[in-house]
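Undergrad: Kindly generate the complete structure, drawing on both the sequences and the hints.
For the record, in the sequence shown the residue sitting at position 134 is 134 according to my numbering, with numbers rising by one throughout.
In short, the hints are calculated from the structure, not lab data. There may be inaccurate statements among the hints.
Said to hold, decoys possible - Label pairs and their in silico Cβ distance ranges:
#, residue 1, residue 2, range
1, Gly176, Glu56, 13 to 21 Å
2, Ala59, Gln177, 19 to 27 Å
3, Lys154, Gly176, 30 to 38 Å
The C-beta atom is built at its ideal place from N, Cα and C for all residues, glycine as well.
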Amino acid sequence: MTFRLEGPILEGALVRLEPLDHRHLPDLAVAVEENRTSYSFTWVPRADEVGRYIDEQLARAAAGRLAPYAQVERSSGRAVGATAFWDPRLWPGEDRLCAIEVGFTWLAASAQGSGLNTEAKLLLFRYAFEDWGVARVDLKTDARNARCRAAIEKVGARFEGVLRNWSKSWAPGEHGQLRDSAMFSIVDAEWPDCRVGLEKRLAAILQRASAPYAALGRGPAQASSADDRTE
1 MTFRLEGPIL EGALVRLEPL DHRHLPDLAV AVEENRTSYS FTWVPRADEV GRYIDEQLAR
61 AAAGRLAPYA QVERSSGRAV GATAFWDPRL WPGEDRLCAI EVGFTWLAAS AQGSGLNTEA
121 KLLLFRYAFE DWGVARVDLK TDARNARCRA AIEKVGARFE GVLRNWSKSW APGEHGQLRD
181 SAMFSIVDAE WPDCRVGLEK RLAAILQRAS APYAALGRGP AQASSADDRT E
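TA: So this is what it looks like as structure tokens:
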């Protein structure tokens, strides 16, 4: 059996990660225009570019390079951002996933700082380590993006160094230029402690919001099939 990168629906108390498709376009077209200065070094499409953005993500998915998600806010039912599994690497000579990256992540300004990012990372990391059995999860960002670097470290990833001229820059006014990327990772031996830390952070967020959350076991944050939808 050949490994194929496909992401299931991942559902938590605050966010529901749904495989990205064109039904998310109207919500995302609104989300991308909320206070665009909050995106900093992160490239986020304009409202009239969201359709092409979805097409490009689905093309990457068809090529086996990406499993793109819409981040759907549970309280409103609106898609307020996106994220993805991507760059899958298999063990040499085996049809088994060794490592995966979590990236292509952005959230509307109104969803930033709400706990959605914390829970989304918990859902994605948990699926990668506990269902796929990966040895590591990668995350990276523009080396100049201090806010994003701090957010990545806050979810438990360790800084590994800066990869010079690693990819093209998404920063405004830098079309055609290269950027240095700050590389972070979580490895399988670190995952249990990382999971506990994320669950504690999320429980505190939900307690402040007077929302229930089961920190033990898989609780409400678990994978479900498309046929299991209740919304």
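Undergrad: That 19 to 27 Å hint for alanine 59 and glutamine 177 (C-beta), does it hold up?
TA: 25 Å, holds
Undergrad: Against the range 30 to 38 Å, how does the distance between the Cβ atoms of lysine 154 and glycine 176 compare: consistent or not?
TA: Taking Cβ atoms as reference, lysine 154 and glycine 176 lie about 32 Å apart, which means the hint holds.
Undergrad: Taking 13 to 21 Å as the hint, is the beta-carbon distance of glycine 176 and glutamate 56 inside that range?
TA: Since glycine 176 and glutamate 56 have Cβ atoms about 18 Å apart, the given range 13 to 21 Å holds.
Consistency note: the structure conflicts with none of the earlier hints.
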